[in-house]
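Produce the complete structure using the sequences and hints provided.
Residue numbers (the working numbering), protein chains in the order written: chain A, 1 to 82; chain B, 83 to 495.
Honestly, the hints are just simulated from the structure, not real lab data. Beta carbons: idealized from backbone N, C-alpha and C, even for Gly. Accuracy of the hints is not assured; some may be wrong.
Listed below are several chain B residues computed to face chain A (Cβ distance under 7 Å; list not exhaustive) [claimed, not checked]: (1) E146; (2) S149; (3) P211.
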Amino acid sequence: MQTVALRVQQMMQEHFSLAAGQVLPDQTLADLGIDSLGAIEFMFLLEEAFGVSLSDERGELRTVSDIVAVVEKAATANEGTV
Amino acid sequence: MRRVVVTGTGVLTPVGRTTEEFFASLIEVRSGIGPVEIPLSGVSGLPVAAQIKGFDPSTHFPKERLSQLDRFSQFALVAAREAWLQAGSPVLASPDSGAVYFGTGFGGASTLESGYDDLFRKGLNRVKPMSVVAAMPNAAAANVAIEFRLQGACYTYAVACASSAVAIGEAFRAIAAGAADIVVAGGAESILTYGIMRSWQALMALAVEDKAAPETSCRPFAKDRTGLVLGEGAGVLVLESLEHATQRGANPLAEIAGYGIANDGLNLSRPDVEGQARAIRIALREAERSGVAAADIGYINAHGTATKVGDKVETQSLKAAFGTAVQRIPVSSTKALHGHLMGAGGAVEFIAALMAMRRRILPPTAHLRIPDPECDLDYIALASRRVPELDGVMSNSFAFGGTNAVLIARPVQ
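In C-alpha cells, the structure reads:
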C-alpha cells in the first residue's frame, strides 16, 4: 500500500510537470516553482484524490512535508468518523 | 501631442487565427457562422453562432496555468502574442512605460457558468479554486501584462460592444499625452455559453437561422436581415509613440489619427442617430488636426450588426456626420462573416480596416443580395473591391448602454 507521502509526491510531480526525484519532503514549494495559487489548486486535487476535506486552518504550507501532513491529518480524521 | 502608431496586430477569430488568415477570409468571403457546439447534451434550439472550433488551449499554455485562464483570457493571450511578435518583441527601457488597455463585455463567462453548473445542477458544495481569478473581467488584461511584464497601467473597459474600441482609443490618448510609451490594446470575448446564448435569445436580438445556408444567417444592411449572430475571439494591437517605434527600429503599420466617443444617455439598447453622429464628428475633427480630412476617409468598417433598427440608424448617422459626401465612401460590415465579437469586436474590426488600408482592398458586406431602401449607401455588397489608394479608414463600434466609439487610422507618412 502506498503511503500518503508517496502518493502526494507522485501527484505533485505529475501536476506540476516536475522531474522524478525532484520532489523531496524538505523541499519548499517556492523552490519547486509552485506559487500560492498553484498550491491552493493542488490542495483541491488532493481533496478529490483522497476523498477528504482539508481544513481551512491548516497553517502555512511551506514545504512538501507540510502538505503531506495536512492530508495525513485529514485522512486519519476521516477514518475515525467511519 | 505625440503621434501614435500601430506596430503589431493579432487576432483569434472564427474565420482566422492570425491577422493574415482573418483578412484573407474576409476578402475571399468565408463565413465562420454555423451551428454551435456546446458541452451540454440534450439541448436544442440554440442559435447559430460564429464559434472558434477545435481550439486546443493545451497547445498554447502549460497544463498548470490553464485552470487560471478562462477561454477569454486564452483568446486574449494568443492574439496578444501574435501582435507582440509582429511588433518585434519590444524590449522596454523601463517596464512601467508599457501598459495594457483592454476591453471585454462579459469577462470570464465560461468560468462563472461552469461554477454555477457545479453548484446548482451537479449539487456540489464547492467550485474550482481558480474560479475568482479566472472569471474576473480584468483577468485577460492582467494575463497579458504578466505575459510581457508590462508594469504601467492595466485597464479593462466594460463598454459592451464598444469595449475594445474604447480601449484602443483611450490607449491612443494615453500615449499621445505621454502617459505610456507602448500599450498592448484590444479585447477578448467568449460568450458562447448556454446561459448567455439563452439570454441573447430572450432579448430577441439574434438572427433567425437560414436553414438552407446557415453560414449566411447574418445579413447586415440587407432587406432580409433578421438580427445579429454571436461570435467569440480576440483582437489585439501594439500601439506606441512614433518616436518610441522609430527609436527601437520597429516598422509602423499605421497611424491612429482620431478617436471619438459619445454616449447617447437615452436608452440601454435603442441606438441613437445623434449620439453616433456626434462620436463620428469628434473623431473626424481630431483626425483633421492630424491631417486626415473627412474626404480622405476611403473605407468605413461599420458597426453593422444586422439588426433591423441598428443598420438603419447607422446609415442615418453616417449621413448626418458626413453629409452627402458619404455616398462616395465604401462602407462594409464584416460581421456577416465573423459574427458579433462583442467586447473584441472593435479591435478585430479596426484590424480589418487597417489591413484594408495596407492592402488597398476592401472587405465586402457578405450576403447583401436584397438591398434595403432605408440602407442606401455603398456597402461593398458581396465581393471585395480593390482601390487605387486609401488615405484614411474609420471603424465604428456602437454599444448597448449607449456608448459610441469611432476610430480613424491613416498610413504612416
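Checklist entry - Of the numbered hints stated previously, which ones are contradicted by the structure, given in increasing order? => result none
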